[in-house]
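Visitor: Sequence:
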Amino acid sequence: MKILCTGVTARAIAESAVHSGYAVIALDAFADLDLEALCECYALQRYFKLPFSAHALYRASQKLQFEAVAYTSNLENYPAIVRRFASQYLLLGNTPETLAGVRDWRRLSGVLTQAGFRMPDTIYHASGRRPEAGRKWLRKPLRGGGGHKIAFYQADRLPGRGFMLQEYIPGLACSASFVSNGKEAVVIGLSEQLLGQPEFGAGGFIYCGNLVPLPDSISAARVQSILEQARRIATLVTREFGLAGVNGFDFILADDQVCLTEVNPRYSASMELIERAYELPIFGLHVQAVTKGILPDFDLAEGGRLTQGRYYGKTILYGEQNAQAPDTRRWLAQDIRDIPHPGEPLLQGKPVCTLLAEAFSRDECFTRLVDKAQKIKGEIYG
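In this note's numbering, the protein residues as written are 1 to 382.
Mixed in with the good hints, there may be bad ones.
[Unchecked claim] Heads up, simulated EDC-like pairs for lysine to aspartate or glutamate below, C-alpha to C-alpha not over 20 Å straight-line: (1) 292 to 320; (2) 2 to 40; (3) 183 to 255; (4) 350 to 199; (5) 49 to 228; (6) 136 to 262; (7) 375 to 327.
By construction, these hints were calculated from the structure, which means they are not laboratory data.
Sequences are here, hints too, so could you generate the full structure?
Guide: Here it is, written out as structure tokens:
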């Protein structure tokens with residue numbers, strides 16, 4: 001069985017699938033150098049002369065040969081496209097109905113609020129409600145991802161069609177990853193999120209990486225409490241929406257409370273770090289959960305995993321200015337991923353590559369990522 005891995009960038013999920021022993025074909029916006037070395041792959045613009053969109057992914061896929069499909073970001077926002085895939089192929093992921101439900105913020109926040117979890121106050125376009133003075137609000141797209149188009153809201157007016165206002169809750173940005181079978185869930189990782197870090201060319205609330213596990217400044221007892229909250233949330237949303245396979249949710253850790261901000265019902269960015277840290281075959285777990293309802297025999301609280309003495313980090317390096325990729329073939333041996341082809345245009349504000357690092361503390365791991373970023377920027381910009 002050949003599996004199509006598709007989304008904005010398919011490298012990470014395809015890499016996990018290949019390592020899990022599956023035959024893979026990848027279709028995304030980039031078909032980067034390392035993805036080409038990994039499996040058969042295609043980029044929308046380069047091979048099909050199509051600008052990126054969910055519909056373009058489906059349209060281009062019709063020229064390829066495969067039997068099953070596994071999707072990643074941003075197809076969770078397009079259940080109609082997922083439905084078209086599901087009508088022709090074995091769908092290795094959440095159904096269109098599940099996507100529509102769990103990505104409906106009104107419904108999701110209602111479920112969690114009723115269960116007693118803290119949720120950010122939200123104002124919708126058609127509600128007529130005005131944001132209260134003296135409170136900070138974020139203007140967020142209803143169908144967003146990666147922190148794009150999120151900004152602090154200043155004006156006293158409604159959010160606008162396609163957007164909502166969400167209460168800004170200060171705290172540590174984190175994410176949880178879990179495996180579901182529609183009834184139960186197993187949390188397989190907790191990570192710190194890196195957002196808007198200028199060291200990596202990011203600003204605002206733009207996602208630019210993760211660190212696994214949670215920071216060593218958080219005590220073991222506090223981390224255990226965070227894990228228990230994450231487990232309850234993962235089980236709740238799994239049962240309510242019928243989640244299957246690997247999923248994730250983003251949250252703000254505020255006063256030791258897990259405050260969910262988004263569910264990502266598909267393979268998520270932090271999972272390649274979890275695969276490294278705990279030696280889990282993530283894609284294999286995904287397929288087993290979707291096709292057979294089998295969950296991993298894995299306890300994140302055991303073996304010192306929550307507070308282990310090794311950290312795993314990744315960051316997306318964004319372009320500081322328009323440039324051209326150098327001879328990137330040597331990057332293949334440097335624990336760098338999503339590598340552009342030599343001579344490829346690199347655009348300001350757009351992803352250049354993904355950097356990976358390991359260390360014995362959170363701060364050392366972050367520093368190694370920064371040092372790598374500086375080295376790569378020196379090669380690009382001189």
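Visitor: Against each hint, give a clear statement of whether it holds in the structure.
Guide: Going down the list of hints, with the structure as the test:
Taken as a hint, the residue 292 and residue 320 pair is broken in the structure, with Cα atoms around 46 Å apart against an allowance of 20 Å. In summary, the hint linking residue 2 to residue 40 is supported, as the alpha carbons are separated by about 11 Å, within the 20 Å threshold. Proximity of residue 183 to residue 255 is assessed by CA-CA distance (about 30 Å); at most 20 Å being required, the pair is judged violated. Simply put, residue 350 and residue 199 have alpha-carbon atoms about 14 Å apart, close enough for the 20 Å limit, and the pair holds.
Only pairs whose Cα atoms come within 20 Å are accepted, and residue 49 paired with residue 228 is rejected, the gap being roughly 48 Å. A C-alpha spacing of about 19 Å is found between residue 136 and residue 262, which places the hinted pair at or below 20 Å, so the restraint holds. Only pairs whose Cα atoms come within 20 Å are accepted, and residue 375 paired with residue 327 is accepted, the gap being roughly 14 Å.
In summary, the numbered hints that this structure violates are 1, 3, 5.
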